[in-house]
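**Q** The residues making up each chain are set out below.
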Amino acid sequence: MSEGSHNYLSARKGLWSWLATTDHKRIGILYAMACGTFFLLGGILATFVRTELGTPGETILDQDGYNQIFTLHGVVMVFLVIIPAIPGILGNFVLPIQIGAKDVAFPRLNLASWYLFIAGALMAVFGWLFVGNVDTGWTFYTPYSSGASNAVLWLTSAVFVAGFASIFTGLNFIVTVHKMRAPGMTWNRLPLFVWAIYATGIVQVLATPVIGITMVLLFLEKLMQIGIFDPALGGDPVLFQHFFWFYSHPAVYIMILPAMGIISDLMGTFSRQQVSGYTFIALSSVAIAFLGFLVWGHHMFVAGQSALSSIIFSMLTFLIGIPTGIKVFNWVATMYKGSVWLRTPMIYALMFLFLFSIGGLTGIMVGVLAVDVHLHDTYFVVAHFHYVMMGGALIGLIGGLHYWWPKITGRMYNETAGVIAAILVFIGFNVTFFPQFFLGSRGMPRRYHDYTELLPNFPEFAPLNLVSTIGSYILAVGLLMILVYALYSLFKGPKAPANPWGACTLEWTHTGRLPDEHNFHETPLVTRGPYDFRLADDVFGPKEED
Amino acid sequence: MAQGQHHIIPIRMLAIVFGLLLFLTLATVITAQIDLGLVNVPLALAIAGSKAILVALVFMALKYDNKVNLLVLVLGVVFAVVFLALTLADTELRGTIGITEPGTTELTVEPAESE
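Chains U and P, in that order, give the protein sequences.
In case it helps, my numbering puts the first sequence at residues 1 to 546.
In case it helps, my numbering puts the second sequence at residues 1 to 115.
A hint or two may mislead.
Below, simulated SDA-like cross-link-like pairs (lysine to any residue); rule was C-alpha separation at most 25 Å, straight line [stated by the list, open to error]:
1) 179/U / 72/P
2) 63/P / 509/U
3) 67/P / 283/U
4) 67/P / 290/U
5) 179/U / 509/U
6) 179/U / 57/P
Computed spacing ranges between beta-carbons, pair by pair [to be verified]:
7) 490/U / 91/P: 33 to 39 Å
8) 77/P / 283/U: 19 to 25 Å
9) 55/P / 131/U: 39 to 45 Å
The hints are simulated quantities; they were obtained by calculation from the structure and are not laboratory data.
No residue lacks a Cβ here, since even glycine has one placed at the ideal position from N, Cα and C.
Isolated chain P, as found in the complex (with noise of 0.2 Å):
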């Protein structure tokens, strides 16, 4: 956007979204208290993830600005998520499938004794 035709956000809009940021504040340090099993981490990154996307479009404006620059956002985050899957793929698999049982050419997905 250039210079001098900065979108004002109103006033309002800031509010709601400072209360939205409130709630899933709360709704963080309530969902920490119980647990879900499974679904504590991605409950956490969603509620986590939504206040980020909330401010990054509102607060910082990238929902009024050129689109360009909520590109160079988002191809952030993804090459942020690439390399975070894929050395997960790794460090979490390690060891986990490709292992031959001692005499067969049988491939397991059991982990491997020594792990």
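Just chain U, with the same shape it has in the complex (with noise of 0.2 Å):
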């Protein structure tokens, strides 16, 4: 075991150690603070956009500051928050130590992922501040956006670069894997986690490209006059709609995939027992990955495509709903009969099991044809995504930032405020979302500014709303705790033991307190599972006792 003064913390000093550094775990701090800043920014924007709609009428924004907030909150979230977040910061710390590597096979082309991903924030925050507004949506629709602002090419820009930090990610990581495992470290010893950036990995390589695409297309077309989406210059805004959700459809699952291998490591660890049916969890992984690029079409059923796809992208939706129930069936009976710890990552991840079921299963419904054609564009899809979005990629990300917290800082936070934290959470975002399912059902179509017509036909809207936005402020609050514990933690926090869980993975068991610069002082040999807990109390000692 490594521990004392030559950890990846203390080995280097200096604020060029930081910015020039090819140490993994560093680059997936850098990652965490720049996450962390748009999440901040992202949920202010969000803030916002709730406020606007809590009572009837024009509150905090008028109509062009509400179009512009809720594009910005989208585009935010989604290229600068949720598709790097779990990948960059938890992939980048983790995966390398799990598979008993010293670093990931392109150490550079890591830091350069982080800069490429940097330079696309810059540019997405200098066209927003110096260029002019932006109000298409996060998901930039033709024609709308071909005669909107130059902003949308800064911002377009902006995700085409900070799309090649996301390839370069992946492309890492799945080199890192195949070339890179410690000897005895085969294939079904890959701790589930690791089989799920994998699979992450391949969608980033194979879907990433199309978004750039799409967008030197629009580039083209808003630049040179080239008609390619843009009906008025002999294009087919449908087309565009291909284009887009080829990539961002495959990118939901680049959010949602490394969510659900922390679920995995964490409801292994907590439930104290080898994860129930491990094939079938981590290729179902790698099934959600393929299927995931057949779906694209259910975005577009009521955009005049034909009917044939529409039917076709439909039934092709449904097969996501396997490979999805093989993994919840899974978790729950892996808490079956098992030694349940709750401590606040088991919550996230039973959180987790709850919120991602809830929205997988509206986006079920989603997808079928005929309910698609009243809920499309309506407050039901809202909550829907987020559900999926927060309720499934953020909650597992939280829970998994609480689970390597100690390995991450060497230091403990408080569980009590991790608890509560966590209710609040619970609570907030339920009380958020939840009321948006009746609200879409009942017809209240998602961007609008205000509601105060539809009133008189359905003045359930405005309590909706109004629940809906106290939610938010209990679900701010929440979060904003965490924020606090865990910079309390950074500073004052009692220092952690080696393995504070008890887990069985290699992070845990072959490094100290903090991971020495390159990981191990020799390479480790792997002799078994990644949930092997038979021998765990003998091996690695008691878990942390309460």
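Using the supplied hints, reconstruct the complex from the two chains, each of which is provided in its own coordinate frame.
**A** Put into structure tokens, the structure is as follows:
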């Protein structure tokens, strides 16, 4: 075990040691700082949106301001937080150690990916602050975006550049998993988090180039008036949606697959037993990655797409439920007769199970052709994807951050504060988004600045929107509480033991309180699976007691 | 394939493939001059595809390389085909099925009048 002064934080000093680092762990922290900042920004924007909708009539934003704020909220949260966060932060920090490697396969490419991500983010911010307003929504649908302000070009360029960061990260992880596993780390001994990040890497490498191509075509159309998507120039606007969703639907799996990997690890560790259906969970990640490429047309059922395409896409959409269901049932089975230990990370894992199931099942509902005609572009869809994106991906990330926090920082956070914040987040989230299912099913459209004129026919819109807004404030308090006790833990938290959870994966069993700069003194020899708890207490000592 | 273990492709093999590529290029030019109706596009794609396969297998040495690299290439091609096929299933068939005659529930496969 390594311990002492030569851990990855103390091995080098100074700002340059961070800005020029090729250590995967430090790059993970760089991603954490960037994504955390953007999450705060995206969260503030969301609070503006909910405040505006809390009561009928204009409250704090005029129509143009509202359109810009929800566009930026979407762009920031999707492209600068949820897509890069788990692979960038936890994938970088944890994956190489979990497979017994000293670093990723291409450390410099890894650092380059962070700089590209930052460059993309700065382009977006520059376009927003200095070039003009963007009110297209995060989807940049044509023909509206073709005629919108030039700031759209800055944001689409930002997406293009940040896309390369995503490709670099995915490529790095694929090669790392193939080539750098420690002796004995066979494919069926890989932690399920590694399987999930590997499957995500495949999607990142195959799908991300398409969003790049789409943005280049949009760029060409806008600058050179070449008719590709704009009907006024002889283009086809639905074709833009094909291009856009061929990336952006698989991107949903870039967001959710890593979170599923985290949940698998949490379920095993905090149930103290072998993850049920290990092989099925591992391969279902790969199945989701591939099936995710075949369903993009379900975003276009009412866009004028051919009936044949809609039928095909609807049927393919239902298939996604199979590997997803395999995961959910196996997670539940993992807890069955396990010694469930309700620490903060496990509370988030249970929260994920509950919220993601709602998000997934409502996804099947909007995948039904006839139902989607009614629900498309309503608040039902907003609620559905927030249950998946936030209830799934971000809750998974928060659970993972709590789980690996002691390994990343070497310190423990306050468990009581963690539990209280988790409860606030759970209540706040449901109070915010559950009423939106009712709003949507009653016909409240998304992206509307005001609903005053709808109130005579739908008086329930006012109280439901108010409840949703109050929920968003509770959610904000819960999330801010996490920020506060995390910062407190960084400076004042008690020192963490090397393996506070009694986990069986290499980052806990073969490193000290903080990992070394090169992770291990000696390359580990792996002789057992990642969730083999039978010998855990004998070999690694008992888990920390309450 | 590990560094230092590259398969050396014989000059003769490279020359044969080069000759085949020249021949196929000639075939592209000649067939482009003849109107074969429906066969025009499939034939052109078949010739172009054959040339791409030859380049990938021999000049890029994928035939002798680790099969995982071949799999990566094939996956990329498969996904491009999936994207094009399902997009064309929309753009080429938009408005051609699922249209009911006014006053009936009978489906027609004829293009809608407005198309």
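**Q** Hint by hint, note whether the structure agrees.
**A** Okay, the hints, checked on the actual structure:
no.: 1; hint: 179/U / 72/P; verdict: holds (15 Å)
no.: 2; hint: 63/P / 509/U; verdict: violated (42 Å)
no.: 3; hint: 67/P / 283/U; verdict: holds (20 Å)
no.: 4; hint: 67/P / 290/U; verdict: holds (19 Å)
no.: 5; hint: 179/U / 509/U; verdict: holds (22 Å)
no.: 6; hint: 179/U / 57/P; verdict: holds (23 Å)
no.: 7; hint: 490/U / 91/P: 33 to 39 Å; verdict: violated (54 Å)
no.: 8; hint: 77/P / 283/U: 19 to 25 Å; verdict: holds (23 Å)
no.: 9; hint: 55/P / 131/U: 39 to 45 Å; verdict: holds (43 Å)
Consistency with the previously given hints fails for numbers 2, 7, ordered from lowest to highest.
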